[in-house]
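Since the structure of chain A is provided, determine the placement of chain B on it from the hints.
Letter by letter, the chains look like this.
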Amino acid sequence: MSAAAATAPAEPASRRGLQLPRGARIALTIAAIVFGAMLPLFLDGGGGFIDDATIALAYVVMALGLNIIVGFAGLLDLGYVAFFAIGAYTMGYFGSLFHITANNGEGVHLLVSGPAANLPGIHLNFLLIIVLAIVATTAAGMVIGLPTLRLRGDYIAIVTLAFGEIVGRIAINGDEIKGFGTQLTAGRQGITPVDKIDLPFLTTFNSLELRPWYWVAFMLVLIALFVNFRLRDSRLGRAWIALREDEVAAVSMGVPLVKTKLLAYGTGAAFGGVAGAFLGSYLNTVNADQFQFAFSIFVLSMIILGGLGSIWGVVVGAIILSFINNRLIPDVLNDVPAKLGLEFDLTELSFGIFGFLLVIMMVLRPEGLIPERRRQIELQEGIEDLAVDEDHVIEAKVP
Amino acid sequence: MAAASLPASQPAALRAVRRFLSQYGLIGVLLIMPVAFGIHDLRTEGDLSRLANNLVDGLSNGSIWALVAIGYTLVYGIVELINFAHGEVFMLGSFVAAGFFGTIGLTAATGVPGLVVGLLLTLLVTMIVLGVLNVMIERVAYRPLRNAPKLAPLITAVGFSFILQNVGLLWRGGSQQGIEDLIDSQKELINLAGVSITNGDMLAIAVTIPLVLAMTTFISRSRLGKAMRATAQDPDAARLMGINVDTTISATFLIGGMLAGAAGLIYALYQTTIWYFQGFTAGLIAFTAAVMGGIGNIRGAVLGGLIIGGIQQISDNRIGSQWTPAIVFAYLVLIMVFKPSGLLGEQTREAG
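For the protein sequence lines, the chains are A and B, in the order given.
Residue 713 is where the first sequence starts when you use our numbering, and the numbers rise one by one after that.
Residue 2 is where the second sequence starts when you use our numbering, and the numbers rise one by one after that.
Chain A on its own, in the form it takes in the complex:
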């Protein structure tokens, strides 16, 4: 036995992730939360920046959900947009004029106040809609998960992609499907207007004062973060990681395959639904054009940029990409091509830019900006092709 193996595992510093002492991490977390909560106080309540920030927070919730499926459980999901769509349509169904003939045109109202209380259509309280969205997306996630149970690797990616596309197609063409005096979706026209969030003890939400929206989104992010951390360290979280690392080994150790995988899909999907319902209300429209394949890739880019499986990495990745998409490309960089004498609209190319980012990240830094430690070790072993490594029990995967 070598001396290195007898002493504490001595890793080269470059192979460790960024590991701060526990106290510093807690302090950083609290600082980040306080900063996030106080930020709107220093901003113009109706300005563009707080608008971008609110959308960024909703994207963080979505990215945290996708991180559970892809990052923790290792099931590459290319159809995450389906959950965004289902969440948003839940908001549209139960908080707008869409079902205008409901209850003979008098409308159905449950715990709503303000202008929505007298309108026709179905109007439920936002919290109820969130619960419904969670139920709907969890169920959808499990349905999507079922056919993938026997499959592994890229086959899962394709099946989820197919599901995402099917949901997207139904959203676009759903206005052709009629029944019960209403359509399935409003297609490309979109369901609009959608009810504003209506919560007790908070001022009414409107489109001029965006701070309450921001705080609601911030609360959702905090809840998502809490759930993510608790799940990752739980029995279920460890089961996900075990399945990700080696399915056969995990199953033979007694990890229930079906239950564990379906729970990953269900939980991950629920966050997509919550974010979808919030965005439906915030953007005041549920439009089929929002639910394109490219959006799935957009969310996937966030978690890859930040670091698959790394919770803080995902938060950072989502915020960065969201600002690149909503601020940097349309506002800051958009006149660059014109200055260079080229004639094109940079916003059209945003997904090409994300694609470029994906390739660059994967080739140069596949573990992401803030890597999860376990995955970093794996990736580096894979790339350097180190078959034997005394310090780590985790072996490079057999391809």
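Quick caveat, the hints were computed from the structure, so don't treat them as lab data.
Mixed in with the good hints there might be a few duds.
For the chain B half of the interface with chain A, some residues (derived, Cβ under 8 Å), not all of them [claimed, not checked]:
1) VAL159
2) PHE163
3) GLN166
4) PHE330
5) ALA331
Residues of chain B placed beyond 10 Å of chain A at every Cβ, according to the derived structure [claimed, not checked]:
6) ARG20
7) ILE28
8) VAL36
9) ALA37
10) THR111
11) ILE180
12) ASP182
13) ILE184
14) SER186
15) LEU190
16) ILE220
17) GLN272
18) ASN318
Simulated restraints, written as ranges between beta carbons of each label pair [what the hints assert, rightly or not]:
19) A:TRP927 x B:PHE278: 35 to 45 Å
20) A:GLY966 x B:ALA14: 24 to 34 Å
21) B:GLY103 x A:VAL1044: 29 to 39 Å
22) B:THR274 x A:PHE938: 45 to 55 Å
23) B:ILE33 x A:ARG947: 39 to 49 Å
24) A:ASP887 x B:ASN148: 45 to 55 Å
25) B:ALA110 x A:PRO1042: 44 to 54 Å
26) B:ASN54 x A:GLU818: 44 to 54 Å
27) A:LYS971 x B:PRO211: 45 to 55 Å
Glycine residues also receive a C-beta, built at the ideal position from the N, C-alpha and C atoms.
Quick look at chain B alone, frame taken from chain A:
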């Protein structure tokens, strides 16, 4: 994996049902649409000519998907990677072809001999350009990640597909573009008992059959083809036998790209409209075809392509083309449920 999750004490009848479903379920699912609409036609119109027309159009469309699907299947067979960018390579094939015959001045007014020579030249150029492009993509995006976890090259593939899509967008703008209808694609050439075969159908079949034959001969006879099959079976053993695995993989991507380029040319001439987004749907349809035939199996890819072409035509004609992608993807999911190994494929590790 499936075997491990089945309890050993399952009743024999249930096991028999399972075996029956996994063997014939897919075929049954495939027959639903033609049979249902065939019965519908017989009852309303009294003959099957409408269905037969659908299937003929399906064959020509399907031969395009077959060419693209072979690219997926070859690449998957050899590096076990779903080359997401392949649909976009096909799209650029249409763009290069349209650009090239525009440049050399082919128009609908060109006489038949000139047209044939010009189109053959276009086919050659398109195939070479797209083959080389595909090899370059492999060099840049997949080769550095050959030993990384499988997720990594899949993600770069998705990334590249977006990059190529945007190249197409910059090249010809965001809307559908009509191009010169060189071969008078919708003109009826032959009418067989109410089934019309158009110029476009003829072109698709006339280009596809020689290409597929040449390619299968190449793979089964030539030295490089043997190297490709050996590498697909076991890259490490192939390397030990003195096969240059990197060159072999490059050759695979070259062939895949060339076939996608040819498919792009046929598509452009057949549909006479091209746009930057055509590759995304085409890629998914062709991938479905490859999976349906059994991924890694060239004959399977061709068969799958033709079947998917038929399904697509029936759906376009009867249900509405806006629903076609959803129907094709529903088939994809059903294949995954009933028989992930496809019609002609062997059981693979992935599709357990």
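Are all C-beta atoms of chain A more than 10 Å from that of THR111 (chain B)? 32 Å, holds
C-beta pair TRP927 (chain A), PHE278 (chain B): status relative to the range 35 to 45 Å that was hinted: 39 Å, holds
Would the non-interface assignment of ILE180 (chain B) survive a Cβ cutoff of 10 Å against chain A? Its Cβ never comes within 10 Å of chain A, the nearest being 21 Å, so this holds.
Cβ distance range 29 to 39 Å for GLY103 (chain B) and VAL1044 (chain A), holds or violated: 37 Å, holds
Between GLY966 (chain A) and ALA14 (chain B), does the C-beta distance stay in 24 to 34 Å? Given range 24 to 34 Å: holds, Cβ gap about 30 Å.
Under 8 Å is the threshold here; is the Cβ of GLN166 (chain B) close enough to any Cβ of chain A for the hint to stand? Cβ of GLN166 (chain B) sits 7 Å from chain A, so the hint holds.
With chain A as the partner, please determine if PHE163 (chain B) meets the hint condition of a C-beta pair closer than 8 Å. With a closest approach of 3 Å, the PHE163 (chain B) hint holds.
VAL159 (chain B) as chain A interface residue, shortest Cβ-Cβ below 8 Å: 6 Å, holds
Regarding the assertion that VAL36 (chain B) does not contact chain A, is the least Cβ-Cβ distance greater than 10 Å? Nearest chain A Cβ is 23 Å from VAL36 (chain B), so the label holds.
Please check whether ALA110 (chain B) and PRO1042 (chain A) have a Cβ separation lying inside 44 to 54 Å. 45 Å, holds
I want to verify a distance hint. Is the separation of the beta carbons of ASN54 (chain B) and GLU818 (chain A) within 44 to 54 Å? With a Cβ separation near 52 Å, ASN54 (chain B) and GLU818 (chain A) satisfy 44 to 54 Å, so the hint holds.
Taking 10 Å as the cut and beta carbons as the points, is ALA37 (chain B) off the interface with chain A? 19 Å, holds
Comparing the model with each numbered hint stated earlier shows that all of them hold.
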